[in-house]
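Engineer: Letter by letter, the chains look like this.
Protein chains: 2
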Amino acid sequence: MAPVGPVDGELRRRAAVALPAGVYGHVKAGERWPGSPQFVARAAGSRFWDVDGREYLDLLCSWGPIILGHRHPEVEEAVAAQHALVDCGNGPAPAMVDLAERLVGIVDHADWAMFAKNGSDATTLCLTLARAATGRKTILVAAGAYHGAPPWCTPEPVGVVPGDRAHLSYYRYNDLESVRAAMAAAPDDVAGIIVSPFRHDAGFDQELPDPAFARGLRELCDATGALLILDDVRCGLRIAFGGSWEPLGVAPDLSAWSKAIANGYPLAAVLGSERVRAVAAAVFATGSFWFAADAMAASLATLAVLEREGGVAAMRDWGRRFRDGVEATAAAKGLEINMTGEVTMPYLSFPGDEDRALADVFAAACADGGLFVHPRHNWFVSAALDDADLDLALSAVGAGFEAVATVSARA
Amino acid sequence: MAPVGPVDGELRRRAAVALPAGVYGHVKAGERWPGSPQFVARAAGSRFWDVDGREYLDLLCSWGPIILGHRHPEVEEAVAAQHALVDCGNGPAPAMVDLAERLVGIVDHADWAMFAKNGSDATTLCLTLARAATGRKTILVAAGAYHGAPPWCTPEPVGVVPGDRAHLSYYRYNDLESVRAAMAAAPDDVAGIIVSPFRHDAGFDQELPDPAFARGLRELCDATGALLILDDVRCGLRIAFGGSWEPLGVAPDLSAWSKAIANGYPLAAVLGSERVRAVAAAVFATGSFWFAADAMAASLATLAVLEREGGVAAMRDWGRRFRDGVEATAAAKGLEINMTGEVTMPYLSFPGDEDRALADVFAAACADGGLFVHPRHNWFVSAALDDADLDLALSAVGAGFEAVATVSARA
Chain C
1 MAPVGPVDGE LRRRAAVALP AGVYGHVKAG ERWPGSPQFV ARAAGSRFWD VDGREYLDLL
61 CSWGPIILGH RHPEVEEAVA AQHALVDCGN GPAPAMVDLA ERLVGIVDHA DWAMFAKNGS
121 DATTLCLTLA RAATGRKTIL VAAGAYHGAP PWCTPEPVGV VPGDRAHLSY YRYNDLESVR
181 AAMAAAPDDV AGIIVSPFRH DAGFDQELPD PAFARGLREL CDATGALLIL DDVRCGLRIA
241 FGGSWEPLGV APDLSAWSKA IANGYPLAAV LGSERVRAVA AAVFATGSFW FAADAMAASL
301 ATLAVLEREG GVAAMRDWGR RFRDGVEATA AAKGLEINMT GEVTMPYLSF PGDEDRALAD
361 VFAAACADGG LFVHPRHNWF VSAALDDADL DLALSAVGAG FEAVATVSAR A
Chain B
1 MAPVGPVDGE LRRRAAVALP AGVYGHVKAG ERWPGSPQFV ARAAGSRFWD VDGREYLDLL
61 CSWGPIILGH RHPEVEEAVA AQHALVDCGN GPAPAMVDLA ERLVGIVDHA DWAMFAKNGS
121 DATTLCLTLA RAATGRKTIL VAAGAYHGAP PWCTPEPVGV VPGDRAHLSY YRYNDLESVR
181 AAMAAAPDDV AGIIVSPFRH DAGFDQELPD PAFARGLREL CDATGALLIL DDVRCGLRIA
241 FGGSWEPLGV APDLSAWSKA IANGYPLAAV LGSERVRAVA AAVFATGSFW FAADAMAASL
301 ATLAVLEREG GVAAMRDWGR RFRDGVEATA AAKGLEINMT GEVTMPYLSF PGDEDRALAD
361 VFAAACADGG LFVHPRHNWF VSAALDDADL DLALSAVGAG FEAVATVSAR A
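Chain order of the listed sequences is C and B.
If you count by the working numbering, then the first sequence holds residues 1 to 411, one letter each, in order.
If you count by the working numbering, then the second sequence holds residues 1 to 411, one letter each, in order.
Okay, chain C solo, but in the shape it has when bound (with noise of 0.2 Å):
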């Protein structure tokens, strides 16, 4: 494994001063194998370099905000122009109707569009739309899934308080039994379910929806009056151009996404079905940079980009071959490997490798290789990979498989 660069390690020592105790959050290179880069220099396409100078081809695209390629040229246009004229104002711009009419217009269930900054501002204000609608409490969550940071959701829940988990109830993904159950034990109460496109835990093989499973989050929400929401923050744009589960047929009546819709730049929407506009429209939902318009002009370049060019056909087809050239790798050095959930967002892990060691070794013979993958998270495809970056991401992965087996016959 490299070690730490000298102008990232110099980084990390001022941060750890002027940080709490360096970066923090989902960012930080502590969460990867060591010599992991912390800090980044420059990004454009499919590549980024870190502050020492080396390049790697971008398999994680910022944690999914990327999804044509760093800084895309007709993404940057439409910024630049929105931001000539106004971006932070005393009101929306023009693009903030344009934007939604456009999304409400993709996605099959969306009647209405209301934006804010954060994925967990649109998991949160889907909980609290959801109770309103229903005037019942309770919210259904699969145990172990990722709906954002803030304390009813934090996977590490220091500071955390008894209140601000007291009307949620757990059930199992993929576990319609799991969902009955939790439902009876609140009977009369439960407000709504809310529920990944697939099942994308950090940390453990993901599992794809079982179509019955979210056919019948479907119809137990019908027959008590529940909302279903659909966390597409993470996977929205990558399975389908409209929701993620549009293709099983399965509208929520809301949806929260982020990341992706804009290119890397911030927001988030809820999209709401007519059920919901009512309390959509009471609620007290705001924030200081919610109404501006750069990011706006972003997503709505981005959904062009994506539109005319196909985009999410072509991230399936690339991330297809990836899936099948990794699996050929692994099968021709001998190696088990477990590649799991959409091709467009592979988790990759080796059997029997609790501690995520292989899974260290193999991600920092990667990124010797010239790619950046995650140890412990699921990668992200874009639009802006081709052929040479299959090819190379491919050589980069027999280098990783390579340095597992190695350690693997040391042991």
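No lab work stands behind these hints: they were computed from the structure.
As the structure is a prediction and not an experimental result, all values here were calculated from the model.
Note that CB positions come from ideal geometry on N, CA and C, so glycine has one too.
One or more hints might be untrue.
To spell it out: a stretch of chain C is covered by chain B in this simulated footprint if at least three of its residues, at any positions, have a beta carbon under 8 Å from a beta carbon of chain B; those stretches are [unchecked claim]:
| hint | stretch |
| --- | --- |
| 1 | 35-42 |
| 2 | 159-165 |
| 3 | 207-218 |
Given the structure of chain C, go ahead and fit chain B onto it with the hints provided.
Structural biologist: Coordinates of chain B only, in the frame set by chain C:
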């Protein structure tokens, strides 16, 4: 009052369909006078233009974020330079460390910084940190204070459930006895006291802090081990270049920042003392766009310009001359007014105007005179305002008072 412009009207009609019921949140035109423009076409320096081409001197500053004027050249240059490298990447850019060091250097009580997107991200994180640092649950909040729109603090509790506020207790601003009573009601369980630099509850006359109240809060916290949290989201950089209570000599343990710190770019920050460092390092505080570099570069440039040009003193001077002028104008017309709060964040009301009908008449007439002020919310002075702007503002205020006098005489 001027009618809604044709372009604004058409956008409103579309927004009523594609959004739940038109534009929502604090920017909703319905919160202002009839005919108030909803959509903004363009903004530059101290001015903005609505979509029907009407120009306004901006005394709202996008509810605070704009402190140097819209699209200040030095801020724009800094953002363009950063953006050409990377904004939302796989890790922070070096600007994150630069900005943390800068804020720690500027704000006396701060030993470290963390960043987020919304003011409410920062206030919510402060609550979490206080609870984690003390192992206690209860937070004391001033009744009627605005700390954001998440369920624990939204002023319109639609969809709010009991758990959201289970561990909050309320005191009255500037009333130390009420703080003591709230503390006594939660013996040994008070984790923190959150307080605004001055009382700026929307729709009410503002109240500056009694220095004995501020010192008393600090003493109560010291005596009980609770943390003092200053919510500097709205006031930060408009009262003092350091934290807003530095002039009072009262140091909080934590302060929450947002709005003006990046001249309109989306950024929030929590600044904290050594005492809170360990728990701040342990909490999982994160968001997809929290580490993005553009807004951090904007903040560094904003701080540089404010410091170099003595921006805070300049705003205070303009604000003082404006208030003197407004009060003299009112007196000359024999009109009673209340103009309250910091001179850089004034609020104007008319005695007995319970339904704010006179405030609407006033704000509408100001707008006709080319000055944009809010009838139910404090205004914001920016460093972009000059002597000619003062003349324009006072002339518009005179027209506003004229309109109020006419309506009052008729009543």
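Engineer: Now look at each hint and say whether the structure bears it out.
Structural biologist: Verification of the hints:
1. For the stretch 35-42 of chain C, the proposed coverage by chain B is satisfied: 6 residues have a C-beta within less than 8 Å of a C-beta in that chain, meeting the threshold of three.
2. For a cut-off of 8 Å, the count of residues in the stretch 159-165 of chain C with a CB near a CB of chain B stands at 7, and the three-residue condition holds.
3. Check result for the stretch 207-218 of chain C against chain B: violated, 0 residues qualifying (beta carbon to beta carbon below 8 Å, three or more required).
Going down the numbered hints, you'll see the structure goes against just number 3.
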